[in-house]
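K.L.:
Here's the letter readout for the chains.
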Amino acid sequence: MAEIAIKQVAKRFGSFTALHSIDLTIADQEFMVLLGASGCGKTTLLRIVAGLETPSQGEVWIGGRRVDHLPPRERGIAMVFQNYAVFPHLTVFENIAFGLRMKKLPQQEVEGRVNRTAELMHIEQLLKRYSGQLSGGQRQRVAVARALAMEPDVILMDEPLSNLDALLRLEMRAELKGVLAASKTTTIYVTHDQVEAMSLADRIAVMHQGHIVQAASPVEVYRNPAARFVGSFIGNPPMNFIPAAKAADGSWTVAGLTLPGPKSDKQTIEFAIRPEDVDAGTEGLHATVRVVEPLGPHTLVTCDVEGGLFRAILESNVTVAVGDHLRLLPKPDRIRWFDPETTNAL
Amino acid sequence: MSTVAELSIAAPEARKAGNWLLVATVILLCVWVLLPIYLLIVNALSSPEEVTAFPKRFFPSFDFGSLSFFINFAGVARALWNSVLVATLTMLLSIGFGAPAGYALSRFEFPGKETFRFLVLMTRAFPLPLLALPLAVMFIRTGLDDTAIGLALVHTTLALPFAVLITFSLFSGIPVELEEAAWTLGCTRLQAFRKIILPLALPGIAASAVFAFTISWNEVFAAAVLTIENRTLTAFLLQSLGESPLYLKFAGGAALVIPALIFIFAVRKYLFAMWGIANR
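Residue numbers (our numbering), protein chains in the order written: chain C, 1 to 346; chain L, 347 to 626.
Chain C on its own, in the form it takes in the complex (with noise of 0.2 angstroms):
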């Protein structure tokens, strides 16, 4: 059982406040992944649960004991960095078993879990060299084995595939969410990269100045933004939003077109919808086209809405042509309202 509960941690530096008093639970086994651009805070937060930062308040707990007080190797965790860390003056076995001899455990027992963990990493080939004589993706298995070898409760990882090219990357996504779902241990993982964090986590967690603005499941965090960031941030080409004005009986005109919506004092709001949660028709938002990318399964429009821009996603089968005249129907049930002011989801 390694159930980490952050509960109110702060960081700040001199001034600069790089963490607001975030609290956060993830269950064990949990994947969660912090994503934000650069600069949010992530990687503050994770150091800070690896014990190479200290809060400046808050508590963290790991498996129901409190750890913020503890140093690193006494918090039962083990960490995956992005520029790797593989020791250079050690061979890639010694490496992998660096974690073990630490803990004096007998010859017979490291060996067997060294050559267990580089077999699952697919790099028992390569124990005899050093990290001089590796590739990129491979240094970035061994330190990914150099972690499991510790069967650890917790594995943290900082942006560990950032580092390599793209195809590299897409490999070893997919086989560490093989590899991290068979371990069974809990993991904190930090990007920057939606893509990647849509597909490894069980929940995500979005930070945005120091703050943890949503954290739920991908699917929930894609369709439900719990902030016009989230909205905005995630997704490619982002959500597209438009204000609404109050209309006589309390539902709300959009470009055009006018939607039921939610009950609120303020006189405008504003109106959001995914780019492919809209179809081309007779009705809908008013859009000049502007600018027409196919992209062979479907075509990207951008077009003018209420003199901003809007993205949609339509079948490849449309045809348009730059300066038309397009009526786009969003979805009902994916249309989502923000709060202009707070940002916040209504």
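One or more of the hints may lead you astray.
[Stated by the list, open to error] Computed cross-link-like contacts, DSS-like style, restricted to lysine-lysine with a CA-CA straight-line distance of at most 27 angstroms: (1) C:LYS7 / C:LYS128; (2) L:LYS541 / L:LYS615; (3) C:LYS104 / L:LYS541; (4) C:LYS184 / C:LYS103; (5) C:LYS104 / C:LYS7; (6) C:LYS103 / L:LYS541; (7) C:LYS128 / L:LYS541; (8) C:LYS184 / C:LYS246.
Because the hints were derived from the structure by calculation, they are not lab data.
Computed from a predicted model, the values in this text were never measured in an experiment.
Chain C is already provided as a structure; the job is to place chain L on it using the hints.
P.N.:
Here is chain L on its own, set in the frame of chain C:
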């Protein structure tokens, strides 16, 4: 910027002349450094008659007469032993204090860090002769005068700035993630240093130690002022070779210079690193 553009479009003749100038300068500088060393070696390995004769031979006659006379000269062996002792003490003290300071500079943020780095360099700005008299007085009062440890302390102040700066650049070249990885794998700070950082830094630390040794080995002023009975080789030569014949001066000079040259040559890579030119 404009000069670069002008150079690249300069006429071929001008470029050729520039190349010649470069080659000539390189040759001049090499001669400047190498000629005295060459003459020193040739004369040290020649017989006393050849040293004063003219014209010189291009290759020495490998006559070890003057060298062996020098080695057996009364007091040389003792002075040599003193030099080695003082230099070894200097080396231990410089690394003992310098390496931790270099580590702290490279790994920790603390108030006054930049000032400290500047002050380390500033210590080199004090002329030793200015300090020598008060130092001598203080050493006599404390009983440190004419002892190996006393002189080693003075040499350490000379060598320490280099030890700090070399080890600083050395530790800075080792990614901090390696240490952090070791901590997460069960190491204390000390164990991580011993098992990860030390093996990686050891060649550089050894080089820095050799450099400190060489600084002490070559130092003559403080050695001459602060020792009387226990002279180091440099101080001894300064005192006794003044009145010696020419061929003995060459032998003494060679005995001093050659070890220092070999030491510096062995650690040149790390000295370059200190000044920020390619780190291996």
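K.L.:
The structure should be examined with respect to each hint, and the outcome stated for every one.
P.N.:
Hint check:
1. C:LYS7 / C:LYS128: violated (44 angstroms)
2. L:LYS541 / L:LYS615: Holds - the C-alpha atoms of L:LYS615 and L:LYS541 are around 24 angstroms apart, at most 27 angstroms.
3. C:LYS104 / L:LYS541: With a Cα-Cα distance of about 15 angstroms, the restraint between C:LYS104 and L:LYS541 holds, given a limit of 27 angstroms.
4. C:LYS184 / C:LYS103: Roughly 21 angstroms separates the two Cα atoms, so the pair holds.
5. C:LYS104 / C:LYS7: violated (34 angstroms)
6. C:LYS103 / L:LYS541: Since the Cα atoms of C:LYS103 and L:LYS541 sit roughly 14 angstroms apart, the hinted pair holds (cutoff 27 angstroms).
7. C:LYS128 / L:LYS541: holds (19 angstroms)
8. C:LYS184 / C:LYS246: Cα-Cα ~51 angstroms, so violated.
Consistency with the previously given hints fails for numbers 1, 5, 8, ordered from lowest to highest.
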